[in-house]
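A.B. asks: Chains as they are written, first to last, in the working numbering: chain A, 1 to 115; chain E, 1 to 113.
Think of the hints as simulated: they come from the structure by calculation, not from any bench.
For every residue, glycine included, the Cβ atom is placed at its ideal position computed from N, Cα and C.
There's no promise every hint is true.
Derived DEER-like restraints, expressed as beta-carbon distance ranges [stated by the list, open to error]:
no., chain 1, residue 1, chain 2, residue 2, range
1, E, I112, A, S66, 26 to 36 angstroms
2, A, R59, E, A10, 27 to 37 angstroms
3, A, P96, E, A10, 26 to 36 angstroms
4, E, L11, A, T38, 17 to 27 angstroms
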Amino acid sequence: DTGVSQNPRHKITKRGQNVTFRCDPISEHNRLYWYRQTLGQGPEFLTYFQNEAQLEKSRLLSDRFSAERPKGSFSTLEIQRTEQGDSAMYLCASSPLGGSMHTQYFGPGTRLTVL
Amino acid sequence: KQEVTQIPAALSVPEGENLVLNCSFTDSAIYNLQWFRQDPGKGLTSLLLIQSSQREQTSGRLNASLDKSSGRSTLYIAASQPGDSATYLCAATYSGGYQKVTFGTGTKLQVIP
Chain A
1 DTGVSQNPRH KITKRGQNVT FRCDPISEHN RLYWYRQTLG QGPEFLTYFQ
51 NEAQLEKSRL LSDRFSAERP KGSFSTLEIQ RTEQGDSAMY LCASSPLGGS
101 MHTQYFGPGT RLTVL
Chain E
1 KQEVTQIPAA LSVPEGENLV LNCSFTDSAI YNLQWFRQDP GKGLTSLLLI
51 QSSQREQTSG RLNASLDKSS GRSTLYIAAS QPGDSATYLC AATYSGGYQK
101 VTFGTGTKLQ VIP
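Construct the entire structure; sequences and hints are all you get.
C.D. replies: In structure tokens, the structure reads:
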């Protein structure tokens with residue numbers, strides 16, 4: 001499989017529970033991004049990794065959110081004490097480091113519903 | 001503030017029509033401009049990418065143009081088909097420590113058979 005994969009594809013949880021999502025980028029891509037997309041809106045940037053280093057975090061990423069990329073390959077996004085406002089599609093993207101024509105390749109997303 | 005706007009929010013056309021989707025961006029210092037397609041409940045599929053030094057890109061029935069001076073991009077779809085029904089998002093990428101991508105809110109296209 002040469003694309004970005006995300007698991008699970010759907011997650012339904014009760015308010016107050018913790019959830020964790022996983023993203024597996026394209027194998028040779030050094031850069032990894034997380035976005036959140038709410039209904040009727042475009043994706044909004046959450047955070048960016050270059051290899052294992054988290055280099056940028058949006059103000060949208062509250063203290064309840066944490067992302068890791070421990071070995072510079074797959075990444076996890078954890079949301080603690082979920083709230084109904086966290087319901088959204090969480091998208092992961094990857095891109096190669098360097099080059100002038102590269103684009104971000106997006107995964108299928110994880111749809112989170114908080115009841 | 002870097003903003004991307006797409007008009008219209010929704011568009012319905014009969015099959016076979018040619019159509020234009022519009023995208024405007026407030027900061028002309030873009031690195032590139034991308035058009036994506038998103039099917040309901042799915043991720044994003046990149047359609048066309050235009051570098052800041054380019055004016056347009058073509059792929060099959062799709063043609064995207066970029067005018068940095070006016071802060072506008074258009075996506076032209078020729079001979080529309082029902083399978084083109086989806087939400088189309090434009091995204092402006094800005095240079096920086098990472099490539100910050102700012103998305104528009106999308107145009108939901110419905111092509112009626």
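A.B. asks: Going through the earlier hints one by one, which of them does the structure break, listed in rising order?
C.D. replies: 1
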